[in-house]
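Based on the provided sequences and hints, a complete structural model is requested.
Protein sequences, first through last, are from chains A and B.
Note that my numbering gives residue 304 to position 304 of the first sequence, counting from 1, and the numbers run on in steps of one.
Throughout, my numbering is defined as the position within the second sequence, counted from one, plus 1000.
Derived from the structure by calculation, the hints contain no laboratory data.
Since we're looking at a predicted model, the values are computed, not measured.
Treat each hint with caution, since some may be false.
Some chain B residues flagged as far from chain A (calculated, every beta-carbon gap over 12 angstroms) [said to hold, decoys possible]:
(1) Ala1054
(2) Tyr1111
(3) Gln1153
(4) Lys1186
(5) Glu1198
(6) Tyr1202
Computed list of lysine-lysine pairs in DSBU-like fashion (alpha-carbon distance at most 30 angstroms, straight line) [what the hints assert, rightly or not]:
(7) A/Lys273 / B/Lys1257
(8) A/Lys13 / B/Lys1021
(9) B/Lys1257 / A/Lys232
(10) B/Lys1250 / A/Lys387
(11) B/Lys1157 / A/Lys374
(12) B/Lys1215 / A/Lys288
(13) B/Lys1021 / A/Lys363
(14) B/Lys1256 / A/Lys273
(15) B/Lys1164 / A/Lys257
(16) B/Lys1021 / A/Lys374
(17) B/Lys1256 / A/Lys232
(18) B/Lys1262 / A/Lys393
(19) A/Lys257 / B/Lys1215
(20) A/Lys363 / B/Lys1250
(21) B/Lys1164 / A/Lys232
(22) B/Lys1157 / A/Lys257
(23) A/Lys321 / B/Lys1164
(24) A/Lys49 / B/Lys1021
Glycine included, each C-beta is placed from N, C-alpha and C at the ideal position.
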Amino acid sequence: MIQIAANCVGCGKCVATCPFGALSIVNRKAVASASCTMCGACVSVCPMKALSLPATGAVKKDLSAYKGVWVFIEIADDGRTQQVRPVGFELLSKGRELADQLGEELCAVVIGDNVQNYYAELSQYGTDKIYAVNAIAYRNYNTLSYANAMITLIRKYNPSVVLFPSTYIGRDLSPRISSELFVGLTADCTGLSIKEGNLIQTRPAFGGNIMADIKCPDYRPQMATVRPNVFKKVVTTAGRMATVVEERITIPVQAGKVRIVQTEMDPVSENQKLDEAPVVVSGGRGMKDKEGFELLETLAKTLGGAVGASRAAVDMGFKPKETQVGQSGVTVASKLYIACGISGAVQHVVGMEHSDVIIGINKDANAPIFNVCKYGIVGDAKQVISKALEQLKK
Amino acid sequence: MNIIVCIKQVPDSTQVKVDPKTGTLIRAGVPSILNPYDHFALEKALEIKQKTGAKVTVLSMGPNQAVAVLRLALALGADEGVLLSDRAFAGSDTWATAYALATAIRKIGSYDLILCGQMAIDGDTAQTGPGIANQLGIPQITFCSNVDANGNQVVVKKLIDGGKQILEADMPVLVTMTMPVDYAPKYPSFLAAHKAQEKTIYTWTAADIGADPGKLGLNGSPTRVDRIFPPPARQKGEMVSGSPAELAAKLVEILKKESFVK
Chain A
1 MIQIAANCVG CGKCVATCPF GALSIVNRKA VASASCTMCG ACVSVCPMKA
51 LSLPATGAVK KDLSAYKGVW VFIEIADDGR TQQVRPVGFE LLSKGRELAD
101 QLGEELCAVV IGDNVQNYYA ELSQYGTDKI YAVNAIAYRN YNTLSYANAM
151 ITLIRKYNPS VVLFPSTYIG RDLSPRISSE LFVGLTADCT GLSIKEGNLI
201 QTRPAFGGNI MADIKCPDYR PQMATVRPNV FKKVVTTAGR MATVVEERIT
251 IPVQAGKVRI VQTEMDPVSE NQKLDEAPVV VSGGRGMKDK EGFELLETLA
301 KTLGGAVGAS RAAVDMGFKP KETQVGQSGV TVASKLYIAC GISGAVQHVV
351 GMEHSDVIIG INKDANAPIF NVCKYGIVGD AKQVISKALE QLKK
Chain B
1001 MNIIVCIKQV PDSTQVKVDP KTGTLIRAGV PSILNPYDHF ALEKALEIKQ
1051 KTGAKVTVLS MGPNQAVAVL RLALALGADE GVLLSDRAFA GSDTWATAYA
1101 LATAIRKIGS YDLILCGQMA IDGDTAQTGP GIANQLGIPQ ITFCSNVDAN
1151 GNQVVVKKLI DGGKQILEAD MPVLVTMTMP VDYAPKYPSF LAAHKAQEKT
1201 IYTWTAADIG ADPGKLGLNG SPTRVDRIFP PPARQKGEMV SGSPAELAAK
1251 LVEILKKESF VK
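This is how it looks when you write it as structure tokens:
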């Protein structure tokens, strides 16, 4: 349980902060109940500094030996050709900012076959160095061979930060590495920054309408995953070539225990369409029924876009899980985003707020979705869209 | 064959409301359920049991009331349950959770296949399964929509970006499961639930599994919450209200102004 020192004045700031409702004021002192998970969210809000987590027996490592911001570069394979998955460029662009603040190098780490083809392209995003593990045996992703290569490189060069894309590969690989190295890993970050030399990893947390800053002050490297379309890619060093360090790393025998039998690419997955579509029309609970979602399909078709959904709409069975926009779904950064009958919980907003023009349609004028909209239309989304489609047909 | 399914008790997200003032979840009175991804993983384990006669052990870490999800799993057909419950586990992030579960699995002893849900709906990290596999030094296959076991091999269908893959693996292996789009979890009959009362659930503490206290709870959790805060406020855009027809006309006007329709 959280520790509460005698200097607590019972101001109650911690009570309002606790995501688990575990704190209360009894006789002008804060008291924690058994629901306390020791998440530590209350520690920083106490004006008296009376709250603390129990001291841990962790041995402090010398963190000054860890330098460099690394980005794991994923190679996308559509069954015929291979290329760098664009989220890698987005992470390098963000990594450049972090590396500048830390005064450290930005390094791309690329594992695969014929990866020299990507060096020039990877160099454009402010990349100082490229670590490459280049061999035909690495052509296809394998958890154990890639994890072994990453762990070997990290142990040899001691980076301070390692970023991964939050893709199927990144989410498979990164926890394997963090487990082996005994370091922290924060999933699906929507913001990254540096504070007092630590990587601050921002994400919606505790399920509610709140954001959390996560840090790993006593462990290095600090690791995080980020979904595609969260950060913008920015070319800062066109024409420059990064220093390339090629490493030979033998594949562990155990990697052969898992074998690919067959790979089948979707013709065009709805998921892919969503995160690449210039226009996304999303529906929530306020679309009421499947008929409401048919209207959205028609509107999306008219505008040359794709249809997404809120978690509520997915839970209600209006749309499949793959079309869910938000923290536990797809992140989109479209030219136009229309949120129809979506209230705008932070889980949804972090998945669409980087779109250029956002239009919200909701009958509740106080719905949080309107805080991120360029245009807010207060009305019944289903009726408004139905009538707008009639007008667009003319 | 021995199968271990790792399961977690979570708040039912479809029934959770958010406190408009603090932005935190109102947890009081919200029912707890078996994490749906774990529920699906358990059903897959029971299918394999039907075919091969495998023994299915369910394992959970949590407070004493988490025994409810183990009871449910036993009623659905699992053979034995283990609950890890100890104050020493409090404050665990995914690293410490995976360490504790892996240490318990070592104590259970023989396993060929470990099944987990891909993630818990109250955390969405998808890190614990791979963490357990690493701690045990066995391979993992994540985000699988199907799993089948025959002889000493498993065959899975897994999601990859833009498609699907079929893989085979030698056991022992850990597999994490996604769930079908319109998945409706199965629940046991009253009779099955009653009969399952005879099955054993072991409750183990940190000392029972011989865990290293330096890797449990906060000691084993590298991540810390620096602060929590409401989503940043922004400037509201242009707001319009009116009749549906007026609003529809306004929407069309906006789409024209922003050049999305001619």
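Hints versus structure:
Under the 12 angstroms C-beta cut-off, the non-interface status given to alanine 1054 of chain B relative to chain A holds; the minimum distance is some 20 angstroms. At roughly 15 angstroms from the closest C-beta of chain A, the C-beta of tyrosine 1111 of chain B stays outside 12 angstroms, upholding its exclusion from the interface. Separation of glutamine 1153 of chain B from chain A is inadequate, the least Cβ-Cβ distance of about 10 angstroms not exceeding the 12 angstroms criterion. A cut-off of 12 angstroms between C-beta atoms confirms that lysine 1186 of chain B is not in contact with chain A; the least separation is 17 angstroms.
Every Cβ of chain A is farther than 12 angstroms from the Cβ of glutamate 1198 of chain B; the closest lies at roughly 30 angstroms, confirming the non-interface assignment. Residue-level check passed: tyrosine 1202 of chain B sits 22 angstroms from the nearest beta carbon of chain A, beyond 12 angstroms. With a C-alpha separation of about 25 angstroms, the suggested pair lysine 273 of chain A and lysine 1257 of chain B falls inside the 30 angstroms cut-off, and the hint holds. A threshold of 30 angstroms between alpha carbons decides the hint, and for lysine 13 of chain A with lysine 1021 of chain B the separation of about 13 angstroms falls inside it, so the pair holds.
At most 30 angstroms may separate the alpha-carbon atoms for a hinted pair to count; lysine 1257 of chain B and lysine 232 of chain A meet this at roughly 25 angstroms. Straight-line distance between C-alpha atoms of lysine 1250 of chain B and lysine 387 of chain A comes to about 11 angstroms, which keeps the hinted pair within the 30 angstroms bound. Of the pairs offered as hints, the one joining lysine 1157 of chain B and lysine 374 of chain A is violated, with about 43 angstroms between alpha carbons and a cut-off of 30 angstroms exceeded. Using a Cα cut-off of 30 angstroms, the hinted pair lysine 1215 of chain B and lysine 288 of chain A is violated, with the two alpha carbons roughly 48 angstroms apart.
For the proposed pair lysine 1021 of chain B and lysine 363 of chain A, the alpha carbon gap of about 21 angstroms is at most 30 angstroms, so the pair holds. About 24 angstroms separates the Cα atoms of lysine 1256 of chain B and lysine 273 of chain A, which keeps this hinted pair within 30 angstroms; it holds. About 19 angstroms separates the Cα atoms of lysine 1164 of chain B and lysine 257 of chain A, which keeps this hinted pair within 30 angstroms; it holds. Of the supplied pair hints, the one linking lysine 1021 of chain B and lysine 374 of chain A holds, its CA atoms being roughly 24 angstroms apart against a limit of 30 angstroms.
Between the alpha carbons of lysine 1256 of chain B and lysine 232 of chain A the distance comes to roughly 27 angstroms, so the proposed pair stays at or under 30 angstroms and holds. Taken as a hint, the lysine 1262 of chain B and lysine 393 of chain A pair is honoured in the structure, with Cα atoms around 12 angstroms apart against an allowance of 30 angstroms. As the CA atoms of lysine 257 of chain A and lysine 1215 of chain B are separated by approximately 29 angstroms, the hinted pair is consistent with the 30 angstroms bound. As the CA atoms of lysine 363 of chain A and lysine 1250 of chain B are separated by approximately 15 angstroms, the hinted pair is consistent with the 30 angstroms bound.
The straight-line distance between the Cα atoms of lysine 1164 of chain B and lysine 232 of chain A is roughly 28 angstroms, inside the 30 angstroms bound, and the hint therefore holds. Note on lysine 1157 of chain B and lysine 257 of chain A: the hinted pairing holds, with a Cα-Cα distance of about 16 angstroms set against a maximum of 30 angstroms. For the suggested pair lysine 321 of chain A and lysine 1164 of chain B, the alpha carbons sit about 16 angstroms apart, so the restraint of at most 30 angstroms is met. Proposed proximity of lysine 49 of chain A and lysine 1021 of chain B is supported: the alpha carbons are some 24 angstroms apart, at most 30 angstroms.
When held up to the earlier numbered hints, the structure conflicts with 3, 11, 12 and fits the remainder.
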